[in-house]
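K.L.:
Sequence:
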Amino acid sequence: MSYVKNRFVLVYEGTKQIPSPIVLSKSDFKIGKSSDNDLCLPMAQVSSHHLQIVFDSNSNQITILDLGSTNGTYVKGQKLQPNTPYPIANKDFFQIADINFQFVDQQAPSNPMFAPSLSPMPSGANAIMPGMVIRGSGENFYRIEKKLGMGGMATLYRAQALALQKPVVLKFLPQEDMKNKKKVFRFLTEGSTIIDISHPNIVKGYDLYNDLNYCFLVMEYIEGSSLEALLETSQRLTLELSLKIAYEVVQALDYLAEKNICHRDIKPANIIMCSRTQMTKLVDFGIIKLHDIDLTSAGYVVGTPVYMSPEQLSGTEELDIQSDIYSLGATLYHILTGIVPFSQGETNQMDILFKRMSNKPIRIDFIHRYPKPLADLLDKMMEPNKERRIKSPRELLSQLEEIQKAQKK
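In the numbering used here, the protein residues as written are 332 to 740.
Derived from the structure by calculation, the hints contain no laboratory data. Any given hint might turn out to be false.
Claimed, not checked - Below are the BS3-like pairs computed for lysine-lysine, each with C-alpha atoms no more than 30 Å apart in a straight line: (1) K513 <-> K535; (2) K575 <-> K736; (3) K407 <-> K575; (4) K407 <-> K364; (5) K478 <-> K512.
Stated by the list, open to error - Quick list of simulated restraints, FRET-style, between CB atoms: (6) R567 <-> M460: 22 to 28 Å; (7) R719 <-> K739: 37 to 43 Å; (8) Q438 <-> T608: 31 to 37 Å; (9) K739 <-> D527: 32 to 38 Å; (10) N511 <-> G399: 49 to 55 Å.
All C-beta atoms in this analysis are idealised placements derived from N, C-alpha and C, irrespective of residue type, glycine included.
Kindly generate the complete structure, drawing on both the sequences and the hints.
P.N.:
Structure below.
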């Protein structure tokens, strides 16, 4: 079969220095830094003659050949051996420097990308597609499997870590936030904090990557359900399960307190029950306060209001672990009663928030038949006055242990 001009194209993402799509105008298409290549990439990480894409008319096969480049060529996350042909197929990805190319055969059957003209792929998180291989730091590569969710702060994808041979979560900073230095700094601080943390009840971080095109954090993938999801199927959780969850989250808070870290967004959505191990995991450190670095502006309130401590709602006080203890109390109140604290009989959100500033919610033993020591403990966790609130996770652990022992008698 002879070579059909314009049959094969490359679609890229990663730089605006080259046009997209790139038509492979000949059967031996060369890419490199030197001007005598078919595609010239004047970039420091690209070798003078970096790679060659070859179409064999006899076998009707396309191969990619690394020409002994300094920084290598990667196909599906694997570094190619120099001067060794590697077969590629329609929609395969390969990488040079910080550029991801996708190879497209426009004559492939049912090719969703087949069109008279191809639109350029946008850079950043908006360009992420299932099957794409993303390079992280060092020799870490991740094959995108599916989008898990998207919010104002980040977009989450499930991926396969090729080096670790395990599923992970990639958390991308939105592309529109890449130009905001403060948001990038906050994201990178969150990432580096999670990577430095090692506790069985806190999500594990593996990798953090940032360049002009991507900013993402690689985290442990947890197969399970958040407490928020569990509350959607069950109005409230059992006393035994709720105490187990509380104890494990307090263990995580005790660890964070030792490192002088305040989470600042403890809530049902940020606590996950692992379906395999039944362990509780604390996630989402997007608005942490780390040591003396405050990641928000003075007077700017971040978090989820219905679980916030009064001092966090006011936005005027320095936050510490006592604020997290209050938020855990509000979360525990919700999973035990099925009711968001202070919401009984109220429909106006401002009235609910105003009540939180100086009042305690209705005791849980007035709503359901719960032990008085547990109701007393929640009262102390949700004390609006910090001076009278439980001071530390250690104190809280001790009281939870006593309640659990009493339940087993």
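K.L.:
Hint by hint, which ones does the structure fall short of?
P.N.:
3, 6, 7, 8, 10
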